[in-house]
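Chains A and B, in that order, are what the protein sequence lines are.
Note that our numbering numbers the first sequence so that position 56 is 57, with each residue one more than the last.
Note that our numbering numbers the second sequence so that position 85 is 1012, with each residue one more than the last.
No lab work stands behind these hints: they were computed from the structure.
Note that this is a predicted model, so its numbers are computed, not measured.
It cannot be assumed that every hint is accurate.
[Said to hold, decoys possible] EDC-like mimics (lysine to aspartate or glutamate), calculated; alpha carbons at most 16 Å apart, straight line:
#1 B/Lys997 - B/Glu932
#2 B/Lys1025 - A/Asp19
#3 B/Lys986 - B/Glu968
#4 B/Lys1025 - A/Glu21
#5 B/Lys983 - B/Glu968
#6 B/Lys1030 - A/Glu45
[Unchecked claim] Sample of chain A residues at the chain B side, in silico, Cβ under 7 Å:
#7 Leu40
#8 Tyr49
#9 Ala55
#10 Glu86
#11 Ala89
#12 Val90
#13 Pro105
#14 Phe108
#15 Asn110
Where a beta carbon is used, it is the ideal one built from N, C-alpha and C, also for glycine.
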Amino acid sequence: GAGVSQSPSNKVTEKGKDVELRCDPISGHTALYWYRQSLGQGLEFLIYFQGNSAPDKSGLPSDRFSAERTGGSVSTLTIQRTQQEDSAVYLCASSLVPVTGVSPLHFGNGTRLTVT
Amino acid sequence: TQLLEQSPQFLSIQEGENLTVYCNSSSVFSSLQWYRQEPGEGPVLLVTVVTGGEVKKLKRLTFQFGDARKDSSLHITAAQTGDTGLYLCASQRGSNYKLTFGKGTLLTVNP
């Protein structure tokens, strides 16, 4: 498909376990974002990649959260020792980064994470 | 941090009615985007506005950017059930490509 693909679509895990969330961006999109969406909280920025580097990690909530991107394409968001407050929908988005203006973000459908 | 305030938080109307939702900030936007998100899906871009006073129309949706670039509104004429969703505004600050989102307006259009 031509859109942003995220997997799994749903993940239920026990408190204390590690989880990995995957994002396949649109081919050719150099910018990749991770956001978290909780009920009533809107979209919370987590991290931004330009190519394989992450110039802005300011939104990662704690050192239990990490993300990487390889080959300028696929990205994984890892949450270690999950807590109940990590339950949310994790959204990935990609975009072209033009010289001027702001490209639209193209979002995947998210991974719904539930920590029991 | 540029805070985006969206109002109302919830809106429930009947099909055929008109409505307006708002996005405000105490800071100047360099640009503003509106997205719509349907249940179980990611947000989808509706429009980007960059010029103060700009008005853009997308079928029955009219987007307005304030002259001072601190506020924006989305007006829907003759709402349809397919307009149901979460409407989010998002802004970029300066040359930082990070987009900050408001909490959204959850619109329900009843048949």
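Practice problem: Using 7 Å as the Cβ threshold, decide whether A/Tyr49 counts as touching chain B. | Solution: holds, 6 Å
Self-check item: A/Ala55 as an interface hint toward chain B, with CB separation required under 7 Å
Solution: violated, 12 Å
Self-check item: Hint validity - A/Glu86 Cβ closer than 7 Å to any chain B Cβ
Solution: violated, 18 Å
Exercise. Grab the minimum C-beta distance from A/Pro105 to chain B and call the hint holds if it beats 7 Å, violated otherwise.
Key: Result: holds, 4 Å to nearest chain B Cβ.
Quiz item: Does the interface hint hold: is A/Phe108 within less than 7 Å of chain B, judged Cβ to Cβ?
Solution: Constraint on A/Phe108 satisfied, holds at 3 Å.
Practice problem: Measure nothing beyond the straight line between the CA atoms of B/Lys1025 and A/Glu21; if it is 16 Å or shorter, mark the hint as holding. | Solution: Given that 16 Å is the threshold and the Cα spacing comes to 23 Å, the pair is violated.
Quiz item: Is B/Lys1025 close enough to A/Asp19, meaning Cα to Cα at most 16 Å?
Solution: violated, 27 Å
Exercise. Mind checking the alpha carbons of B/Lys1030 and A/Glu45 for me, to see if they're no more than 16 Å apart?
Key: Holds - the C-alpha atoms of A/Glu45 and B/Lys1030 are around 9 Å apart, at most 16 Å.
Quiz item: Taking only the CA atoms, is the gap from B/Lys983 to B/Glu968 under or equal to 16 Å?
Solution: The given pair, whose Cα atoms are some 25 Å apart, is violated under the 16 Å limit.
Self-check item: Interface hint status, A/Leu40 versus chain B (Cβ within 7 Å)
Solution: Not OK, violated: A/Leu40 not within 7 Å of chain B, min 10 Å.
Practice problem: Answer holds if the nearest beta-carbon of chain B is closer than 7 Å to that of A/Ala89; otherwise answer violated. | Solution: Check failed: Cβ of A/Ala89 comes no nearer than 14 Å to chain B, outside 7 Å.
Quiz item: For the hint on A/Val90, does the least C-beta distance to chain B fall short of 7 Å?
Solution: Violated: closest Cβ of chain B sits about 9 Å from A/Val90, beyond 7 Å.
The structure does not agree with the numbered hints 2, 3, 4, 5, 7, 9, 10, 11, 12 stated previously, though it agrees with the rest.
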